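Student: Chains as they are written, first to last, in UniProt numbering: chain A, 1 to 136; chain B, 1 to 258.
Hints listed in this document are in silico derivations from the structure and should not be mistaken for laboratory results.
The structure displayed is predicted, hence computed values, not measured ones.
There may be inaccurate statements among the hints.
Said to hold, decoys possible - Derived lysine to aspartate or glutamate pairs resembling DMTMM-like cross-links, with alpha carbons at most 25 Å apart:
#1 B:Lys-197 to A:Asp-124
#2 B:Lys-197 to A:Glu-115
#3 B:Lys-258 to B:Asp-233
#4 A:Lys-55 to A:Glu-32
#5 B:Lys-142 to B:Asp-233
#6 A:Lys-79 to A:Glu-63
#7 A:Lys-11 to B:Glu-94
#8 A:Lys-11 to A:Asp-124
#9 B:Lys-143 to B:Glu-171
#10 B:Lys-197 to A:Glu-125
#11 A:Lys-11 to A:Asp-66
#12 A:Lys-79 to A:Glu-32
Listed here are the chains, written in short residue letters.
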Amino acid sequence: MVVHGLWIINKAGGLVFQRNYAEGLSSLTANEYLVLAGTLHGVHAITSKLSPTGKGSGVQVIEGEDFKLNIMLTLTGTKFVLITSLPHPNPESTLQKVYEAYSDAVMKNPFYTLEMPINVNGFDERIRTIVASTVG
Amino acid sequence: MFNLQSNSASSSRYSLPASAPSPPPNANQTKRSSSYLSTGFTNLSISGIGSSSSNNDLASPAGRGGEMNILDRPINKSRGVEVGLPAWAFLFSEIVSYSQTRVDSVADLEKRLSTLGRESGIRIISLHLLRAAQTSNNKDPKKEYRLIPALQFIHTQVYRYCFGKAADGLEKSVEGDDEYMLTLNNPPLTQHISIPKDLSQLSCEAFSAGIVEGVLEGLDMPARVTAHTVPTDQFPRRTVVLIKLDRSVLDREEGLGK
C-alpha cells in the first residue's frame with residue numbers, strides 16, 4: 001500500500017496544494033494538475049446532486065486499474081484528494097489526519113492567506129509524517 | 001488568562017477540540033462564511049455568536065447552561081478554567097496577522113507582539129501575587145526581590161502558569177553578567193506557526209518574551225527581553241528568551257550583598 005499523492009482543492013475549485021509522495025504515477029505538468037482539479041471539482045458538484053435520496057455527499061472514491069482517488073469534502077467546501085494504491089486499507093482515516101494537520105498547521109498559521117496556494121513548512125512536515133506512517 | 005492546556009478533557013468549557021474536524025452539533029445554525037468556525041470551534045458556537053442566543057446569555061450568571069459567568073468566577077480557582085490551546089492558536093494567529101498589517105518591519109512586528117505580552121505579564125504577576133496572598137490568608141505574602149530567585153520563579157511558576165510546564169533551561173550568559181537566558185524546547189504558544197522564508201528573522205515568541213518582561217517589571221526589575229529561535233536537531237523550534245537586565249537591578253543586587 002502506497003500513498004501516491006495528495007491534492008487540496010479550495011472551495012472555488014482551485015488546486016492549492018499538490019504533492020507526490022511515491023513513484024508509480026506518471027507526473028503531470030502544473031497546468032494539467034490544475035485542469036484535473038477543476039474538472040474533479042465539477043464532477044463532484046454534479047455527483048452530489050445525483051443521489052436518489054436527495055442530498056448526497058458526491059463522489060468519494062474513483063478507482064483505476066492500479067490506483068484510487070479518495071475524496072473527502074469538508075463542511076467548508078475544501079476537498080482533500082488522496083491518491084493511493086488499491087490495497088490501501090483505510091484512506092479515510094489518513095484523510096482525517098490530513099484534515100487535522102490542515103486545521104492546525106495551515107488554518108492556525110497567520111502567514112497563510114485563505115484560498116491561496118499552501119506553502120507552509122510545518123504542514124509539509126506533518127503530511128510527510130502522516131504519509132510515512134501509513135506506508136506499511 | 002494564558003494558562004493553556006493542550007486538548008485535555010479537564011479543560012472544561014473553554015476547551016476546543018485540538019483540530020478535530022467534527023461537524024458542529026447544530027451545523028445549520030452555526031453555518032457561516034468563516035472557515036475557521038466550522039473546523040475547530042465546536043463549543044464556542046454557543047457563546048453569543050450563535051444566531052439564536054439572546055444577549056442575556058452573557059450577562060446573567062446562570063447563562064450558558066447554568067455555568068458561571070467569567071466575572072463571577074472565584075479568582076483563586078485556577079484548575080479547570082484553562083483556555084483551550086486551539087482557541088488560543090486561532091486568537092494568536094489573528095493577533096499576528098492584524099499586527100502585521102500595521103507594521104513596516106520585522107522588528108516593529110516583534111515589538112508590537114512584545115508590547116502585548118508585556119501587558120499580559122504585568123497582569124500575570126499581579127494575579128499571581130494576589131492569589132499567593134489569599135491562599136496564605138494575607139499572612140506573609142511572598143514577592144521575590146533577589147535576582148536569582150526571581151528568575152527561578154519565572155522559570156518554574158510563571159512558565160508553568162502560562163505554558164503548562166516549566167522552562168527547559170535557565171542559564172547565565174557568558175557574554176555579560178547582566179544577561180540571562182530562558183530556554184523552551186517546544187514553545188506551545190506558537191507551535192502551529194511556520195515562519196515564511198522572507199521573514200526568517202521573525203520569532204513570534206516575542207510575545208512570550210514580553211510576558212517575561214512584564215513579570216520582571218512587576219517585580220521591579222526592569223529589563224530588555226527578546227526572543228530568538230535557536231534550533232537544534234532534536235528541537236527545531238527551540239526558543240531562547242534573552243533577558244538583558246537594567247544596570248540598576250545589578251547595582252541593587254550588589255548593594256543587597258550575599
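Student: Are the hints correct? Go through all of them and say.
Tutor: Here is what the structure says about each hint:
Between Lys-197 (chain B) and Asp-124 (chain A) the CA atoms are separated by roughly 14 Å; this keeps the pair inside 25 Å, and the hint holds. Straight-line distance between C-alpha atoms of Lys-197 (chain B) and Glu-115 (chain A) comes to about 20 Å, which keeps the hinted pair within the 25 Å bound. The hinted pair formed by Lys-258 (chain B) and Asp-233 (chain B) fails the criterion: a straight-line CA distance of about 39 Å is larger than 25 Å. Between the alpha carbons of Lys-55 (chain A) and Glu-32 (chain A) the distance comes to roughly 31 Å, so the proposed pair goes past 25 Å and is violated.
Annotation: proposed proximity of Lys-142 (chain B) to Asp-233 (chain B) is violated, straight-line Cα distance about 40 Å (limit 25 Å). Distance hint between Lys-79 (chain A) and Glu-63 (chain A) is fulfilled; the C-alpha atoms sit about 17 Å from each other, no more than 25 Å. Using a Cα cut-off of 25 Å, the hinted pair Lys-11 (chain A) and Glu-94 (chain B) holds, with the two alpha carbons roughly 22 Å apart. Simply put, Lys-11 (chain A) and Asp-124 (chain A) have alpha-carbon atoms about 21 Å apart, close enough for the 25 Å limit, and the pair holds.
For the given pair, Lys-143 (chain B) sits about 22 Å from Glu-171 (chain B) by alpha-carbon distance, which is consistent with the 25 Å threshold. A threshold of 25 Å between alpha carbons decides the hint, and for Lys-197 (chain B) with Glu-125 (chain A) the separation of about 15 Å falls inside it, so the pair holds. The hinted pair formed by Lys-11 (chain A) and Asp-66 (chain A) fails the criterion: a straight-line CA distance of about 29 Å is larger than 25 Å. Taking the CA atoms of Lys-79 (chain A) and Glu-32 (chain A), the gap is near 18 Å; set against the 25 Å cutoff, the hint holds.
Going through the hint list in order, the structure does not satisfy hints 3, 4, 5 and 11.
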